[in-house]
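Undergrad: Chains H and L, in that order, are what the protein sequence lines are.
Per the working numbering, the first sequence starts with residue 1, numbered consecutively.
Per the working numbering, the second sequence starts with residue 132, numbered consecutively.
Simulated from the structure, these hints should not be mistaken for lab results.
Be a bit skeptical, because a hint or two may be false.
[Said to hold, decoys possible] Label pairs and their in silico Cβ distance ranges:
no., chain 1, residue 1, chain 2, residue 2, range
1, H, 96, L, 326, 31 to 39 Å
2, L, 269, H, 118, 38 to 46 Å
3, H, 23, L, 134, 30 to 38 Å
4, H, 113, L, 266, 56 to 64 Å
5, L, 421, H, 52, 41 to 49 Å
6, H, 111, L, 363, 35 to 43 Å
7, H, 52, L, 356, 40 to 48 Å
8, H, 117, L, 173, 44 to 52 Å
9, L, 360, H, 104, 37 to 45 Å
In this text, a Cβ means the ideal position worked out from N, Cα and C, and glycines have one as well.
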Amino acid sequence: MPEFPYAFVADILCRVEAPLREPTFLILTALAGRPMHGYGLIAEVARLSDGRISLRPGTLYGALDRLVDGGLVAVDHEDVVDGRLRRYYRLTEPGGDLLAAEVERMRRNVQAATAQLRAAKVAPRPNRGFA
Amino acid sequence: MTDLERRYARWIALFYPADYRRTRGSELVDTYLSLAAPIRGRPSPADIADLAAGGLRQHLRAARDLGPGFRLAGLLALTTATTCATGWATIEAFTPTPPWSPHVGPFLSLAIVAWAVWLVAAVLFVAASGRWFRWAAGLAVLVTVAIVPAAALTGLPRPPLLVLLPQIVLGVVALGATVQHLWWVRLMPVAVAAAVLPVAVGVESGFYFSGYYYPAAKTLPAAAATLLVSALLIAIGLAARRDYSGTWAMLILLTPIGMLAVQPLSMLFDDFGAGRAVNPTWSSAAATSMLVAVIGSMLLPLALVARGRLAAGRRPLGPGPCPTCGASSASA
């Protein structure tokens, strides 16, 4: 089976979620390091966001389904632990490309904002007094 | 298997479609158990809410024809709403307004504004972008809703609720229509409305001075029957090609169809026999409308759940393909 059979879904996903929502961005970021299972992903997303974002399993699997449908994430391998299935997910090449594009977009925004702030500090404030 | 594991599995069995549960259930339980505190004996309310939301999401995701069904229902609802608005606008324009009875300029009631916005929405459906159409259709619904309080505040006449309510429900469904159709499909609401215009004028001249009541009693049930038969034929035709969007559209349209048919349905609540009133009582019409609204709002969730269970029942024994990668269980 081809790894990326639903290119049109990825296209829709990218258009719908441009820019990516933070949980989606963090899921992709977590998977960029290594393949992870559900619980590992939840823990890693919490760590990456300094505890701000705590995904619940229903939400996580909803997001994973969309990402897998879009070909951005794929199942890497499966383990059986205590008689229960544990599925590991990994970032696909299109998923990596999307994450890189998103990082670049954010980097430019940060650059622009930093430059504006710096200019605001250097430039004299307009005199709004009664002099 | 621990009690907690069994309880999570039971909640998953309750909320999730059978296909999804079969391939993902064990993985979901494992994730919930990993997150649960060691002393926990039951799933927390937050977990149950999460399972319910996740299950609903999966039911919607599994019903792939539901989206096209909404769009088809929107098109049929828009066609019916435009046709009704044309008929009502004819009544507004042609019914004589005697000086002793209250009226709005040369028109019968305030509703002429709503019917005009509906007709503009239908024209925008043919000629403009989807955004413009949705704005106009949304505005048409709001104006139709606003007729009742506006009439109460100004003391000016308005059509009966029997006329306004189906129009509002049709309008809500019509918001699902998209303009991404062939030109002749986009032309359908305006074309059907134009075709019924001579009929509307004829009906109006037959009920001279009657206003809305008698034309509504005759035409709304006919509109309900026409919409029902059209939706049914489309659903059967599409189902023959294994496209179930028509079936979803049919389910969605049952609420507006019920609202259009409130009058004959209300008669079922009234006493039969000699001396029975030709029109239903206000209370039976209100009870019927409530019943239609309640049953209509429950139909779609029930159908989604039933679909999840039936789809699993039709599957051959075995774990089936993986819902995430589509691979068979042997390779997944």
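Undergrad: All hints, please: hold or fail.
TA: Status of each hint after checking the structure:
no.	hint	in the structure
1	H:96 to L:326: 31 to 39 Å	violated, 56 Å
2	L:269 to H:118: 38 to 46 Å	holds, 45 Å
3	H:23 to L:134: 30 to 38 Å	holds, 31 Å
4	H:113 to L:266: 56 to 64 Å	violated, 34 Å
5	L:421 to H:52: 41 to 49 Å	holds, 44 Å
6	H:111 to L:363: 35 to 43 Å	violated, 60 Å
7	H:52 to L:356: 40 to 48 Å	violated, 56 Å
8	H:117 to L:173: 44 to 52 Å	holds, 51 Å
9	L:360 to H:104: 37 to 45 Å	violated, 56 Å
Consistency note: the structure conflicts with the earlier hints numbered 1, 4, 6, 7 and 9.
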